[in-house]
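Protein chains in written order, with my numbering: chain A, 266 to 543; chain B, 88 to 721; chain C, 33 to 289.
Wrong hints could be hidden among the right ones.
Claimed, not checked - Sample of chain A residues lacking proximity to chain C, with all beta carbon distances greater than 10 angstroms (derived):
hint: 1; residue: Phe-316
hint: 2; residue: Leu-377
hint: 3; residue: Arg-447
hint: 4; residue: Gly-454
hint: 5; residue: Val-496
hint: 6; residue: Arg-541
Claimed, not checked - Taking beta-carbon pairs under 10 angstroms as the criterion, some of the chain C residues facing chain B (in silico):
hint: 7; residue: Ala-74
hint: 8; residue: Val-137
hint: 9; residue: Tyr-161
hint: 10; residue: Ser-171
hint: 11; residue: Lys-176
hint: 12; residue: Leu-217
These are calculated hints, taken from the structure and not from any lab test.
From the three backbone atoms N, C-alpha and C, an ideal C-beta is built for every residue, glycine too.
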Amino acid sequence: MATGTDLPPSHRPPRAGGVHGPSRAAIAARHLRTDRWWLSPAGTAAGLLAFIAYSTWRAFANADYYAAPYVSPFYSPCLAENCKEMRGGPNLDVFGSWWGLSPALLILIFPLGFRLTCYYYRKAYYRGFWASPPACAVAEPHTAYTGETRFPLVLQNLHRYFFYAALPVAGILTYDTVLAFRNDRYEWGHMGLGTLVFLVNIVLIWAYTLSCHSCRHIIGGRLKHFSEHPVRYRLWGWVSRLNARHMQLAWASLISVALCDLYVYLVASGAFTDPRIF
Amino acid sequence: MAQVDRQQWDVVVVGAGGAGLRAAIEARERGARTAVICKSLFGKAHTVMAEGGIAASMGNVNEGDNWQVHFRDTMRGGKFLNQWRMAELHAKEAPDRVWELETWGALFDRTPDGKISQRNFGGHEYPRLAHVGDRTGLELIRTLQQKIVALQQQDFKEYGDYEARLKVFQECTVTRVLKDGEKVSGAFCYERETGRFFVLEAPAVVLATGGIGKSFKTTSNSWEYTGDGHALALLAGAPLLNMEFVQFHPTGMVWPPSVKGILVTESVRGDGGVLRNSEGKRFMFDYVPDVFKEKYAQSEDEGDRWYEDPDNNRRPPELLPRDEVARAINSEVKAGRGSPHGGVFLDVSTRMSAETIKRRLPSMYHQFKELADVDITAEAMEVGPTCHYVMGGIAVESDTAATVGVPGLFAAGEVAGGMHGSNRLGGNSLSDLLVFGRRAGLHAAQYASALAAPPAVSQAEVDAAAAEALAPFHADDGAENPYTLHQELQTTMNDLVGIIRREGEMAEALERLRGLRARAARAGVEGHRQFNPGWHLALDLRNMLLVSECVARAALERTESRGGHTREDCPSMERDWRPVNLLCRLLEPAPADGPDADRIRLERTRTEPIRPDLLALFEKDELAKYLAEEELYE
Amino acid sequence: MTTYDARFRIWRGDAEGGGLRDFTVEVNDGEVVLDIVHRLQATQASDLAVRWNCKAGKCGSCSAEVNGRPRLMCMTRMSTFSREETITVTPLRAFPVIRDLVTDVSFNYSKAREVPAFVPPPGVAAGAYRMQQVDVERSQEFRKCIECFLCQDTCHVVRDHEENKSAFAGPRFLMRVAELDMHPLDAAAGEGLDRKRTAQEQHGLGYCNITKCCTEVCPEGIKITDNALIPLKERAVDRKYDPLVWLGNKIRRRSQP
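Okay, chain A solo, but in the shape it has when bound (with noise of 0.2 angstroms):
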């Protein structure tokens, strides 16, 4: 049992930065966590992971997007010459005929960089990818450290502009999933599973866009007197409360956005055929 201050000739540990700095106790391990710290951002690395080689392979497959009347959501809207026939459907060619690529590749930048920027998934990746805390009071291992004063990471600045721009491609699902209340003959009226499968894509789609930070502080966050703007305040509360799910939502509209894809290539390609409901 120790007692009084005599204490053994400590064992230094080689001194280096952060927590091991000089004027810092002197603690040899970069954590003393019990818990199983690393697993939330093992978890997110994992799921992300997942979601990007899916999107990935979608992206360019540049196949089995579209069986009438549904269109996937990694493909709407069609911008180029070379996409399938949708009828009703948001396939404008505004790009001609010079874009040999996969059309999903014009318009997935926009939910990509919504995504990429957003103030959620950055924690997931700052910590999941980049260990830039892995968690929370475990060292990081870089030795020097900006955040996002520079270039390029001063350009998560941009999120609001990409928060706009999300707007209209989420309207541009909501399209989609009322075309999804057709039947394969385009007759209107109908509902498969399919139709149940985007209803619940587009609502998680709206509810991450609209419990974006951005979103919050358009609608309300900005102002210094709510009492004097009682509609947006109360816009505003509604929002804030969305957003405190804002980590929730972003997952499952990742996942219902992918199943919904998942579920319209496997129609398309003729794996499974669509149950009809009416």
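Dock chains B and C against the given chain A, drawing on the hints supplied.
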């Protein structure tokens, strides 16, 4: 000869709670170069524990409120023993002191028309407490702290040095107020971090060190509350006033043991919490004393209606002054009608929705959830009395906060006596800090600037102070453990000079204190001077022992029950005792017959007659219940 | 009342060096880590240095790292650990150590001084302040802060990079900037002080990569990241990355001689 660093200041403020910081702000704004010295980090003072609010008759919620009503409530609460001029100044100036906080950035809860919201509290006739949820003390400290920083930023612009005219010496302790003849000349201090001694030379010293709760076992007070200011004043030759009056807050936590004593804010009752015994009975209806019979509800129905319609109903007896409620709880527990862990039940869950409780009492919800695993939105709390506040303190001049008999020494806040009489109303402490903190700072600055030449600090006095502070390192074999001594002191005071007092027990307490004094002289510590808590405690023991002796001696002398002083053997309030003040003075020179000798002598003085226009604020009948026969006919 | 002996490892030492020391100490029902540290002081190590005050989670003095996580010792109940577990207590690892569990937190006090104070609205007398509850609530949340500095301790920007300490105010004081910027009556703008801009240019807001550790450790449950830091970043965007504002500023600057 001790080589110690010396610095020159105009005003030294000891203590960085509400009173100390307010004093420092005032002194600095009056042009005095001001040093603040505190035992903890800047911003950690015990004031942060104050929950309910700041009492000030702004009349924002009920327009009927004004300073006269506030004065009346304060005098009634203190059972007319208050230094009436202090109560008057306090009631008059409190609103200005609260409004001033807003100009420094404080954010109180608001009324619908945008004014500062005010809440009900025990003993206050109208909703009067400006508050921020239940963390008002934190708001007060943070606002004053940020005002100090704002002043330092000004100085930085002007002089390039943040600390040119206002400096906070944090984690430092004062062990002696130094004097040049009659006059104050400075303070002897040590830095807790390094153990290094230093002297702050200053013609004016403001004591704002708070209370004495750490001499009791069950207390809501933090480790800092060791009666330092009381002892420093005594040792400097100033008397302490009415030290027998110690407030036991009726509702402290009783379980688990490690948090026993931690405060449960009075707002719980102010917002509708009810007290019940183990039989489920709202027992407070049985404990309304005669002097309050007309002011409190006689039935549960009426009490319940009061929350909605205060103009046509009387308030429930849960909102009686603290001394009454504490005694009632004590009696219920003694009669075997207590809760499993020796308290009674305090319940808000039946009166308010879970949402409302979490919004109005967030830190209470948090505190019970985290520390006792009790969800107060669903079940009752167990509560019991805890040592909370000392009404007695350094005798001061009402207007200037100057101590009696020591030129240059000022006192404000809990360490000063008189303002609250025999019992303090909830909410009156934060306003007390602001009103008299400001006055102390103002008059200290004026005193310092009016002095022709600053008094000198003699090397002999510094050497003596250094030797005294180092004594625990030179204890012989068989040295006493300061922690053990402290625990024995706390048990002695808690059990023998606690909430209910008896002559024999107090005599025994004085006997035990003699033994503890002798042993404390042999207290020893190991290790070195760098951040050594054992050493710090050994030095604080001197203060706690001095103050405890004052409390026990005064309590033995006052043969009546009044406010925070309850004698089982003299159970009633005696009008003849109303005009009597008990002053404790240090016996000087120290008695030669060893360290266990008594150090304190008592002196009876008469209170100053209450000014007629203030007396006229009360009904004749009411005065007849309080004032001594001869006072009534004067 | 049940009692058992727990194993503790407590860091003892000072700036010169030190290490984890083993103790075996009694634990009773309902106790918190700070109780155990006090028992060690009273029975085994009278000079064990520790800061504490209120012991009720209100003053923010007893900050330390328990099993590697920044916590208030008074709010860490022993019942959250198993009886077999060895509990490790160290000082805060982002600040210079003084002795045992006590660190030098002066970094925080110097940062506090760098944030310009509340500017009272000119022409409004004390007592005439009118504010609506909905307008003060956001800043009130930030004023719940007890300055335990756990957020400052856990923030990797300074914890892992000493060199950033001069440029970065840390979550606590960026939150203070947000508090003042959201204060309904703060008149800083009238004095030419743009808190939205200085948050980024002087207090290092850009260093924050919103990994939310500050929010995770806050004992008061303040949503530091979501309610203070991100809104502040958005306010900085209003000033600095909004093309219309940028263009407007350019034109105005050109039109001035």
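A closest beta-carbon separation below 10 angstroms is what the hint needs, so does C:Leu-217 meet it against chain B? 8 angstroms, holds
Checking a non-interface call: every C-beta of chain C should be farther than 10 angstroms from the C-beta of A:Phe-316. Is that right? 20 angstroms, holds
Less than 10 angstroms between beta-carbons is the criterion; does C:Tyr-161 satisfy it with respect to chain B? Cβ of C:Tyr-161 sits 5 angstroms from chain B, so the hint holds.
Consistency of the no-contact label for A:Val-496, given chain C and a CB cut of 10 angstroms: Non-interface label stands for A:Val-496: nearest chain C Cβ at 13 angstroms, farther than 10 angstroms.
Less than 10 angstroms between beta-carbons is the criterion; does C:Val-137 satisfy it with respect to chain B? 7 angstroms, holds
Satisfaction of the C:Lys-176 interface hint, Cβ to chain B closer than 10 angstroms: 6 angstroms, holds
A:Leu-377 remote from chain C - nearest C-beta pair above 10 angstroms: 19 angstroms, holds
Beyond 10 angstroms from chain C, beta-carbon-wise, is A:Arg-447? Holds, since 41 angstroms exceeds 10 angstroms.
Interface hint outcome for C:Ser-171 [beta carbon to chain B under 10 angstroms]: 6 angstroms, holds
Does C:Ala-74 pass the interface check with chain B, least Cβ-Cβ distance below 10 angstroms? Holds. Min distance 4 angstroms.
Hey, is A:Gly-454 genuinely clear of chain C, shortest beta carbon separation above 10 angstroms? Given that every Cβ of chain C is farther than 10 angstroms from that of A:Gly-454, nearest at about 43 angstroms, it holds.
Status of the stated non-contact between A:Arg-541 and chain C (beta carbon gap over 10 angstroms): At about 43 angstroms from chain C, A:Arg-541 clears the 10 angstroms cut-off, so the statement holds.
In this structure, every one of the numbered hints holds.
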